[in-house]
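**Student:** Listed here are the chains, written in short residue letters.
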Amino acid sequence: MCVALPGKILSIDGQMAKADFSGNVVNVNTGLIEPKVGDYVLVHAGCAIEIMAEDKAQELIDLFNEIDELERA
Amino acid sequence: MEIREIIDYLKAYDGPQIKLMEVCGTHTAAIFKNGIRSLISPKIKLISGPGCPVCVTPTAYIDKCAEYAMAENTELLTYGDMMKVPGTHGSLSDLKGDGAKVTLMYSPFEAVEKAEAHPDITYAVAAVGFETTAPSYALMIDEASKRGLTNIRLVTALKTVMPALKWICDNQPDIDGFICPGHVSVITGCEQYRYIADNYHKPMVVCGFEAEHILAVIYELVRQIERGEAKVVNLYKNAVRWEGNVKAQDILRKCFESGEAMWRGLGAIPDSGLYLTGEYAKYDGGSKGLVKDMKLPEGCSCGSVIIGKINPDECPMFGKACTPMDPYGPCMVSAEGACGIWYRNR
Ligand code: SF4
Chain A
5 MCVALPGKIL
15 SIDGQMAKAD
25 FSGNVVNVNT
35 GLIEPKVGDY
45 VLVHAGCAIE
55 IMAEDKAQEL
65 IDLFNEIDEL
75 ERA
Chain B
2 MEIREIIDYL
12 KAYDGPQIKL
22 MEVCGTHTAA
32 IFKNGIRSLI
42 SPKIKLISGP
52 GCPVCVTPTA
62 YIDKCAEYAM
72 AENTELLTYG
82 DMMKVPGTHG
92 SLSDLKGDGA
102 KVTLMYSPFE
112 AVEKAEAHPD
122 ITYAVAAVGF
132 ETTAPSYALM
142 IDEASKRGLT
152 NIRLVTALKT
162 VMPALKWICD
172 NQPDIDGFIC
182 PGHVSVITGC
192 EQYRYIADNY
202 HKPMVVCGFE
212 AEHILAVIYE
222 LVRQIERGEA
232 KVVNLYKNAV
242 RWEGNVKAQD
252 ILRKCFESGE
262 AMWRGLGAIP
272 DSGLYLTGEY
282 AKYDGGSKGL
292 VKDMKLPEGC
302 SCGSVIIGKI
312 NPDECPMFGK
322 ACTPMDPYGP
332 CMVSAEGACG
342 IWYRNR
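Chains as they are written, first to last, in this note's numbering: chain A, 5 to 77; chain B, 2 to 347.
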């Protein structure tokens, strides 16, 4: 129910945008964020709820670095 | 730190038994999909929490939706998950067979388009969900109000997670730490969890849905428990800001006020429901006071499942009298319900 999926913003028209989900282009409402074309956004129930950092590999590196830091704290 | 080291650590863990609750059904599904239980020590128990808004929806709510679906010149819009939840006179799916007007929606914004196109029909929208979902309903109602539409009603069973977490800490105190719901936290931010960390001394860690995220969150929780700490940590930084989505929080505050809500299996929890307020109250479809609930069917242990007292496969009905094809209790009904997820991943 609370699943949100990342899509890439293709175009923006007022509060609506077209986003690409692995080839499926879907209309999403962007009233909760201010995305730019090319941004990755997390979409839930037709609504973009957050802009995401797009580099997944980097994200996991950061994640494990963070764990190291928490261990040292 | 490497993922290998984390897995080795969690596999070798041999301290006192640790019980961690994943609050969100999407985490439960990801834990199964990635076979996480087989990667960690049996001394670390992962418990599925109340994180399926459909499963906790009471009978009175289904009955209210059914009333709209059966009324003249009225149509009910709902997500597919709600169709099979039992009400007093059967599920919405059963009633549809008897002529009830129930239409599946993919996004609440469809209601605005429909209401504008068909001014003679009232569209009742079954708004079920947690903080992840509530802002899209708020935006939709705000849009309906801007367009001056009068033929939309929101039947809200929108709920907030914090009151349920407090309820669990009060009633099931042996949970040692929480995997906080990732997409709820996108909206709410992380600060709210400090209340549980400080008052109940439970570590609260926010994480995403990849295998690495889940192993990292378990590791962080276990390490905090071993050190006797109870901190709030955000391990989902590419989606969750500490302060959350402030714009979404603002529109939630503008459209909704909190009040008592009924959770199937738990009972009524004060301040855990969201109800339309102020200029938006006229769109309320009679959501308040829906506290009546059918007793859980005889033998169904959903009440114990959603607070983590037992795992679904410890229920005597599981996989026998109760399957997703023929659900007996609410936790088997929805794709995100703990029993349904466990069943499909047996
Ligand atoms: S297996 Fe079925 S009957 Fe048992 S707790 Fe789950 S939903 Fe209820």
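Hint data in this document are derived by calculation from the structure and do not stem from the laboratory. Some hints here could point you the wrong way.
[Stated by the list, open to error] Chain B regions said to be covered by chain A (calculated; three or more residues, Cβ under 8 Å):
(1) 129-135
(2) 267-275
[Said to hold, decoys possible] Far from chain A, some chain B residues (derived; all Cβ distances over 12 Å):
(3) 2
(4) 3
(5) 7
(6) 61
(7) 68
(8) 89
(9) 106
(10) 176
(11) 188
(12) 251
(13) 287
(14) 293
(15) 315
(16) 322
(17) 327
Where a beta carbon is used, it is the ideal one built from N, C-alpha and C, also for glycine.
**Student:** The structure should be examined with respect to each hint, and the outcome stated for every one.
**Tutor:** Each hint tested on the structure:
1. 129-135: As far as the region 129-135 of chain B goes, the hint holds, because 5 residues have Cβ atoms under 8 Å from chain A.
2. 267-275: Three-residue rule not met by the region 267-275 of chain B, so violated; n is 0.
3. 2: violated, 5 Å
4. 3: The assertion about residue 3(B) is violated, with a minimum of 7 Å to chain A.
5. 7: Non-interface label on residue 7(B) violated, nearest chain A Cβ at 7 Å vs cutoff 12 Å.
6. 61: holds, 20 Å
7. 68: holds, 23 Å
8. 89: holds, 23 Å
9. 106: violated, 9 Å
10. 176: holds, 20 Å
11. 188: violated, 6 Å
12. 251: violated, 10 Å
13. 287: Correct as stated: the minimum Cβ-Cβ distance to chain A is 22 Å, above 12 Å.
14. 293: holds, 23 Å
15. 315: holds, 24 Å
16. 322: holds, 25 Å
17. 327: holds, 22 Å
Of the numbered hints stated above, those contradicted by the structure are hints 2, 3, 4, 5, 9, 11 and 12, listed in ascending order.
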